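So the protein sequences, as listed, match chains A and B.
Here the first sequence stands for residues 1 to 240, where the numbers follow our numbering.
Here the second sequence stands for residues 1001 to 1214, where the numbers follow our numbering.
Check before you lean on any hint, since a few could be wrong.
Stated by the list, open to error - Below 25 Å or equal to it, Euclidean Cα-Cα: the simulated DMTMM-like pairs (lysine to aspartate or glutamate) are:
1) B:Lys1143 with A:Asp48
2) A:Lys134 with A:Asp182
3) A:Lys139 with B:Asp1184
No lab work stands behind these hints, which were simulated from the structure alone.
Predicted model only: the values in this text are computed from it and were never measured.
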Amino acid sequence: MTATDVRYTHEIAAGAAWTVRLGRHRSLRLTCLDDGANASVLMFAAADPLERLNVPDTLKAQMSACVRPPMVLMSDMGRALASVTGSSLDWHDAVTGHSTDALVEARFGPSSYAADRNGWRRSARAGLLDELWKHGLGKRDLHATVNLFSKVVPGGDERGSLAFEPGHAATGDWVELRAEQDLLVVLSTAPHPMDPTPVWAPARLRADVAAVPAPGADDASRRFRAESGRALAETERSLA
Amino acid sequence: MTVTDADAMHGVDVLFDTTVEAGDGWTGELPAGSRLRIVDLCGNQAVDTLFFDAHDYTNRYSAVDTVREQGAAYLTTGSVLRSVDLDPLATIVADTCGRHDTLGGACAQESNVVRYGRHTRHQHACRTTFVRQAMAWGRGLEKRDLTHNVNFFMNVPLTRDGGLTFEDGVSAPGKYVELRADRDLLVLVSNCPQLNNPCNGYNPTPVQLTGWRT
Ligand SMILES: [Zn+2]
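The following block holds chain A by itself, in its conformation from the complex (with noise of 0.2 Å):
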């Protein structure tokens, strides 16, 4: 556990979505309040929204069909956005991308606030895209997610099929992202869409940040692959 000094904590109520602006050497740690959670995570650089999360440049660079510690997270323009220090979890989904309201709509039928107030079944699509206008954001700056907590297993066969793997995260399963310069983080805590739960069941997250040390020099994440020490070394660069 390397989140000792808690800023402050907020609760993400299940099926919402939410921005949290994290500043550099800043930790996030989301706690899972029920079994069965996900949350579909877009990343910018607070400094400039252009420069965004790159799900393929992260993945190819080091080699992982999902995230995991100690990866290192990556823009668009070659530099650590956020490292995973640690996770109860070895598998965090990528490559799935997140829920629509077609898809939540498909599986569950209608819903709205009139008929079900606040459990108004909203889609990850829809919650990210409400926090990206508060920033000016918007459907144009919608890239691959990060399915924390999620799992979805590549078959290993010829089609290079897909499974999603039920009852990964539960109760107490955690994760944490050090910010390696100043971020915006929007998230949507809406199931997984590949999720086969037959009732909708978002679940709850805590977050918990923390102020922790820069990166040193033996720091498990930029000794994980060469080219996870480049990315930090190259948001050190642009930052020194």
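Mind docking chain B with the ligand on chain A? Use the hints.
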């Protein structure tokens, strides 16, 4: 003219038939119902491609939505390329290669630094080609419109334990992929100039693009 290799040309209205040199790009529109064939002329050549609804560039190709909706990571015959709104943009109707990637993204000068070191910072890269193509096309295209792409003829296998690698291509000289436009499309192509990994067999080569209406 590559169309004649396999198709009777009677009644075929050729929209374009062009060779794209290694490291060059192409931008064009493809009307609904028309076909696009991309021929890997010399083998093992990655063709990075972006698709947009021609009438609404915000409704653009989405790699992750495409992969999820077909329940599989690789693209081949029958794969429907979907937009962020989950609309079918194009369908792969023929494929003599057998597997194409859409999770590996496009190479960039900045990501080359991360992958191969600072000495590669000024080498040509696909995203630079996309920038040039988008700038030349204009019509409001900006950096934020350059999203995750398709890599035709590229082989990026995923493994059960979470591995992802760039492997030697499964393509060969003359292999091709053919798409049907499911709505009016704008297509941006970068014929990949990457020299630092096997995606182009360490020797980028030209490809042929042919569009036609039947
Ligand atoms: Zn390239």
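Against the structure, the hints come out as follows:
1. B:Lys1143 with A:Asp48: holds (12 Å)
2. A:Lys134 with A:Asp182: holds (18 Å)
3. A:Lys139 with B:Asp1184: holds (20 Å)
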